[in-house]
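In the working numbering, each residue's number is its place in the sequence shown (first place is 1) plus 17.
Hints are supplied without guarantee of correctness; some may be wrong.
[Said to hold, decoys possible] Quick list of in silico lysine to any residue cross-link-like pairs, SDA-like style, CA-CA up to 20 Å:
{"id": "1", "residue 1": "Lys82", "residue 2": "Phe92"}
{"id": "2", "residue 1": "Lys72", "residue 2": "Met55"}
{"id": "3", "residue 1": "Lys31", "residue 2": "Lys72"}
{"id": "4", "residue 1": "Lys76", "residue 2": "Gly88"}
{"id": "5", "residue 1": "Lys72", "residue 2": "Val62"}
{"id": "6", "residue 1": "Lys95", "residue 2": "Asn38"}
{"id": "7", "residue 1": "Lys82", "residue 2": "His32"}
{"id": "8", "residue 1": "Lys72", "residue 2": "His32"}
{"id": "9", "residue 1": "Lys46", "residue 2": "His32"}
{"id": "10", "residue 1": "Lys76", "residue 2": "Arg65"}
{"id": "11", "residue 1": "Lys72", "residue 2": "Phe92"}
[To be verified] Quick list of the computed label-pair ranges, beta carbon to beta carbon:
{"id": "12", "residue 1": "Arg94", "residue 2": "Thr50", "range": "15 to 23 Å"}
{"id": "13", "residue 1": "Asn44", "residue 2": "Lys20", "range": "39 to 47 Å"}
{"id": "14", "residue 1": "Lys20", "residue 2": "Gln52", "range": "37 to 45 Å"}
{"id": "15", "residue 1": "Arg22", "residue 2": "Gly88", "range": "43 to 51 Å"}
{"id": "16", "residue 1": "Pro21", "residue 2": "Asp41", "range": "37 to 45 Å"}
{"id": "17", "residue 1": "Leu19", "residue 2": "Asn44", "range": "41 to 49 Å"}
{"id": "18", "residue 1": "Gln39", "residue 2": "Met18", "range": "43 to 51 Å"}
{"id": "19", "residue 1": "Lys20", "residue 2": "Val93", "range": "13 to 21 Å"}
{"id": "20", "residue 1": "Arg83", "residue 2": "Lys20", "range": "40 to 48 Å"}
{"id": "21", "residue 1": "Val93", "residue 2": "Arg53", "range": "16 to 24 Å"}
{"id": "22", "residue 1": "Lys95", "residue 2": "Arg66", "range": "22 to 30 Å"}
To be clear, the hints were calculated from the coordinates, so they are not data collected in a lab. A quick note: this is a predicted structure, and the numbers were derived from the prediction, not measured. Glycine included, each C-beta is placed from N, C-alpha and C at the ideal position.
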Amino acid sequence: MLKPRNVPKNAPNKHCYFCVNQIDNANYKDVPTLQRFMSHYCRIVPGRRTGLCAKHQRKVSTAVKRGREMGLLPFVRK
Numbered sequence: 018m019l020k021p022r023n024v025p026k027n028a029p030n031k032h033c034y035f036c037v038n039q040i041d042n043a044n045y046k047d048v049p050t051l052q053r054f055m056s057h058y059c060r061i062v063p064g065r066r067t068g069l070c071a072k073h074q075r076k077v078s079t080a081v082k083r084g085r086e087m088g089l090l091p092f093v094r095k
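Required output: the full structure, derived from the provided sequences and hints.
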């Protein structure tokens with residue numbers, strides 16, 4: 018006998034932050050915005066958790082990586 022899944026019936030709909038606010042792309046110099054999509058350990062949070070669409074998740078990922086290379090964002094937590 019299979020157990021029923023624990024799926025919340027009234028789960029909140031997650032909408033893409035960039036689509037809702039009509040922001041074209043993620044800029045690597047916009048550190049506060051990029052930190053929204055990073056975990057406490059400075060890892061990039063997946064789109065299914067942040068609610069970003071696939072297009073903007075790719076752009077955020079690229080922007081975070083550029084920000085790390087430029088020294089604006091940390092690679093790891095201190």
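Verification of the hints:
Restraint check for lysine 82 and phenylalanine 92: the C-alpha separation of about 9 Å stays at or below 20 Å, so the hint holds. For the suggested pair lysine 72 and methionine 55, the alpha carbons sit about 17 Å apart, so the restraint of at most 20 Å is met. Our distance criterion of 20 Å between C-alpha atoms is met by lysine 31 and lysine 72, whose separation comes to about 15 Å. Only pairs whose Cα atoms come within 20 Å are accepted, and lysine 76 paired with glycine 88 is accepted, the gap being roughly 18 Å.
Proximity of lysine 72 to valine 62 is assessed by CA-CA distance (about 15 Å); at most 20 Å being required, the pair is judged to hold. In summary, the hint linking lysine 95 to asparagine 38 is not supported, as the alpha carbons are separated by about 32 Å, beyond the 20 Å threshold. Restraint check for lysine 82 and histidine 32: not satisfied, since their Cα atoms lie roughly 23 Å apart, outside the 20 Å limit. At roughly 13 Å between alpha-carbon atoms, lysine 72 and histidine 32 fall within 20 Å of each other, so this suggested pair holds.
With a C-alpha separation of about 23 Å, the suggested pairing of lysine 46 with histidine 32 is violated against the 20 Å cut-off. Straight-line distance between C-alpha atoms of lysine 76 and arginine 65 comes to about 15 Å, which keeps the hinted pair within the 20 Å bound. In summary, the hint linking lysine 72 to phenylalanine 92 is not supported, as the alpha carbons are separated by about 23 Å, beyond the 20 Å threshold. Remark: the range hint 15 to 23 Å for arginine 94 to threonine 50 is upheld by a beta-carbon distance near 19 Å.
For asparagine 44 paired with lysine 20, a C-beta distance near 46 Å keeps the hint of 39 to 47 Å intact. Between lysine 20 and glutamine 52 the CB atoms are about 38 Å apart, so this pair conforms to the stated range of 37 to 45 Å. Checked against the given bound of 43 to 51 Å, the beta carbons of arginine 22 and glycine 88, roughly 45 Å apart, stay inside it. Distance hint for proline 21 and aspartate 41: a CB-CB separation of about 43 Å, consistent with the stated range 37 to 45 Å.
The supplied range of 41 to 49 Å is met by leucine 19 and asparagine 44, whose beta-carbon atoms lie about 47 Å from each other. Here the CB-CB span from glutamine 39 to methionine 18 is close to 49 Å, well matched to the stated 43 to 51 Å. Between lysine 20 and valine 93 the Cβ separation comes to about 39 Å, which falls outside the hinted range of 13 to 21 Å. Range check, arginine 83 to lysine 20: about 45 Å between beta-carbon atoms, so the 40 to 48 Å window is met.
At roughly 19 Å, the beta-carbon separation of valine 93 and arginine 53 lies within the given 16 to 24 Å, and the hint holds. Hint check: lysine 95 to arginine 66, Cβ distance near 24 Å, so the stated range 22 to 30 Å holds.
Violation of the numbered hints given earlier is confined to hints 6, 7, 9, 11 and 19; the remaining hints are satisfied by the structure.
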